[in-house]
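Protein chains in written order, with our numbering: chain A, 1 to 418; chain B, 1 to 266; chain C, 1 to 313.
Honestly, the hints are just simulated from the structure, not real lab data.
These figures come from a predicted structure and were not determined experimentally.
Just to be clear, a hint being listed does not mean it is correct.
Said to hold, decoys possible - So the derived label-pair ranges between C-beta atoms look like this:
hint, chain 1, residue 1, chain 2, residue 2, range
1, A, PRO391, B, ARG29, 27 to 37 Å
2, B, ARG29, A, VAL88, 14 to 24 Å
3, A, ALA265, B, SER72, 41 to 51 Å
Said to hold, decoys possible - If the Cβ cut is set under 8 Å, some of the chain A residues that face chain C in the computed set are:
hint, residue
4, TYR9
5, SER113
6, ALA124
7, GLY125
8, ALA135
9, ALA136
10, ALA139
11, LEU160
12, ALA249
13, LEU253
14, SER377
15, THR407
Built from N, CA and C at the ideal position, the CB exists for glycine as well.
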Amino acid sequence: MTLAAGVSYNTLVVVAGVAAVGFAAGVVGSFGVLRRRALAGDAAAHATLAGVALAFLATGRRDLPVLLGGALVAAIAALGALVLVRRVARTRDDAATAIVLGVSFGLGIALVSGITARGIPGGAGLEQFLLGHAAALTAADALLLAGASAVAVLVVVAGLKEATLVSFDPAFAAATGWPVTLVDYALVTLVAVMVVVGLPAAGAVLVTALVVIPPVAARQWTDRVPTMLPLAGGFGLASAVVGVALSAAAPRLATGPLVVLVAAAIFTASFFFAPRRGWLARRREQRAVEGVWTRGRVLAAAAAPAGEGFLRHEIAARVAGVDAAARRRFDGAWLALVREGALVPARPAATGPADPAGAGGRWRLSTEARGRAADWSRRMRAWDEIVRTRPADARTSLTIDLPDPGTIFRDDATRPPH
Amino acid sequence: MNPAADPPRSGSPPPLLEFHDVTVAYGRRPVLWNIDLVIAAPCLFGVIGPNGAGKSTLVKAALGLVPLAGGSIHFFGRPFAAVRRRVGYVPQRESVDWDFPVTATDVVLMGTYPRLGWFRRPGSRERTLARECLARVGLADVAGRQIGRLSGGQQQRVFLARALAQEADVYVLDEPMAGVDARSQDLIFRVLADLRAAGRLVVVVHHDLRSAAEWFDRVALVDMRLVATGPTADVLTAENLQRTYAGRLDVLDELGRAVAGRGRTT
Amino acid sequence: MFFESSKTPVWAVVATLVVAALRPARCPAEPALPRVMATTSVVADLVRQVGGDRVVVECLMGAGIDPHSYRATPRDADRLSRARLVVASGLHLEGKIAELLSRLARRTPVVAVADRLPRERLLPVSDELFDPHVWFDAALWSGCVPPVRDALAALDPGGADAYRAHADAYVRRLMTLDERVRARLATIPERRRVLVTAHDAFRYFGRAYAVEVVGVQGTNTESEAGLADINRLVELVASRGIPAVFVETSVSDRNVTALREGARARGHAVGIGGTLYSDSLGGPGSGAETLEAALEANVETIVRALAGGDAPP
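Input sequences plus hints: build the corresponding full structure.
Given below as structure tokens:
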């Protein structure tokens, strides 16, 4: 049954539940990512399996609120254990996380295997918490998930400035009187809640992906927290909806892993195509920067010889030497300068239209380009001097397009007013 | 040189900042030892000393960021926690994540948060204040830029603007000139001088003796203990510096030149 | 390995030897009966029927345990290796202990009964795999009796005659049961004779007794049901007016619950017809401790749920 024929009730329920979770996971997870604490969320996620098993053993009940309650207790306990191991056992962050994650997950697997091995009635199906069982969500389940997600998002939005402040500059926050530890714990608890809420959708092993991938993808597109949060939520929501749609379109496709795969696809696209931070954009900028520099050097080298003009390979030797990569850059810069008319043949129509100037012909700078070259040389010499005598200033103000030093520094030394 | 209090206080307002018998230890090793220091009136006050002397620790202790092993510190005669709103803090720059998605304006607005309290958002008043503070430090044109894309001097000025936005009576700055280009240093000192002229106390932890001699009204020379305090020229004598910076002759040479060049004005 | 450890103190070694020596010797009053280990409760029942009281049959996976996902513990491996004969169901039903069984087969006789059935009577699941749930087709299951009989006879030649007699009697009972079940199920009108269960455990049952069977999960409970599968079943149940679906003792009923909700949203109330025995028999006192009893119980449950006019609650 495809969506084209109309969306079935089950699909609607699953979409509603998973979309709410996806959105909230993106929003709440943003702070985990910004504070570089994503791995703690993973430790909490792996601990939830033990919590589910213990809740079942303790109460004998299998309804979702009971099991998720156990999962939440286990998640918070794991985060507490993390703090203890770091502080009391003086362990580094990564080792402490590995310990807590490994021990709690091992305990969870042992408990679940034990329950299924003993054939305890009702125990079958606990293993579904490993990879999620989004397809089997009931309306009541979806309501629980959506409600918890809404509360988590509201808390984050209400305390947005406090969370941002504490995440960005805890020292300043403490000095200005904010209870940094309290806000810290609140954020950590929210991540634990989201991890638990995400269990039915993606399972203990994958829910970290929901909490981490959309925020990281969103970060590529914006430099502001109030934009990043809804964007991360949007990515999470889109992953959920598309993942569910894919799972509904073909038989025997589990929903949880598909949601995570869609999120990963969004991240990959963001990684490549985001406007400033994306890989393509940065490569383009890098190329542009290299182009500016190399063109400047070609101009400066070409400004020196006068008279008959110069041969291309003479300039090439001075600018690029024998380095292959430098030669490539030189070729690109040369072509660009010819195209824009800065370099013209010394004797036009020397060998005919098919080969203007050609490799053996001589070149010269156009009149306009001569001015540019002279300016470039002057700035180059000025910066040479600054780098030599005032390296600290050069370090902070020099950029590769050689801005005019006169606009940055005043010539008189700094002098106090009294 | 008398290492104790400055000119005797009159009967009226309590000193702006007072350290009484302050000792601070990291673990078991003391970093500051029996510091007694009183700053009674607004001025541009430098905390000077060699590396590792405890200068940073001194101001961090004042702000409650490191615990006191002994003694007490009072602002306006009261503990820091009671008068937080009246103290503006510009911390050392390293502790910040430069990749964090905040702009210069966002950071300056954080100075207004204590006044807003829980759950209230910055409004137009706060935004106008932020704009003004950024203009005062010469960063009006980069207000919307993410902080990682600012130069070192610009970053430091953003944090100064944040402290200005706190609209405090006392400002404490920890090594604000570290890694900052000359133009920005100049600008920062001018802003601080303006603050002093407006009746604020500005306490600056500073490492460079030459500019210290040029800028500060009064200094405290610290090397785990308080070596000397008072007007700059009185404190930064060859004798005091010999005791404190023993073995660092190049520093003394530089300072000798600077002090001689400036002349004694009192 | 105990003695290889250089850290084992001498006193511990001596103490162990002393304790071992002091244990009362077993009086050899009569030769112990041969121990046969069966993997599933279904197979255990088969061995008991053929072996009678000449063998002691122990079962690895008790009632309510899912054999598709069962992982062996070291204790299980120990018990299996100490048995004189191991009888398994086969056709990858016990997927997670397959390697253990094949290693065991080097020293102990291991018989996978369903593997001995002629391939043309089996239902394929993919190019190389067959559906292993052969026991609910009584006539087909009777084909698993000879391998057990022969294995027991090889183990205990003295009882060969008894085993043959038990086997023949059991096969006759199975064939009678087969006809009885077919007749009973025929009382359900064909349109309503649809069995919707948690996983595909009843295909042989369906083929033998003319019942249309649909499972939410596939033949293997390890595969997760996707949304498309649940939608498809909701469509089936609602459009055909199927009054009841069934849960199984060893499989999670979460999918079935979602299925019922989906059907209810389409205005069709679907009840739970009852719990069926699928991959395992019932425990002591359930009334379904043998295959015959379990099959009859299943049939009664199905007939009661589907033949009647109203949907059960």
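Taking the hints in turn, this is what the structure says about them:
| no. | hint | in the structure |
| --- | --- | --- |
| 1 | PRO391/A x ARG29/B: 27 to 37 Å | 36 Å, holds |
| 2 | ARG29/B x VAL88/A: 14 to 24 Å | 22 Å, holds |
| 3 | ALA265/A x SER72/B: 41 to 51 Å | 60 Å, violated |
| 4 | TYR9 | 4 Å, holds |
| 5 | SER113 | 6 Å, holds |
| 6 | ALA124 | 5 Å, holds |
| 7 | GLY125 | 3 Å, holds |
| 8 | ALA135 | 4 Å, holds |
| 9 | ALA136 | 4 Å, holds |
| 10 | ALA139 | 6 Å, holds |
| 11 | LEU160 | 35 Å, violated |
| 12 | ALA249 | 6 Å, holds |
| 13 | LEU253 | 5 Å, holds |
| 14 | SER377 | 68 Å, violated |
| 15 | THR407 | 63 Å, violated |
In summary, the numbered hints that this structure violates are 3, 11, 14 and 15.
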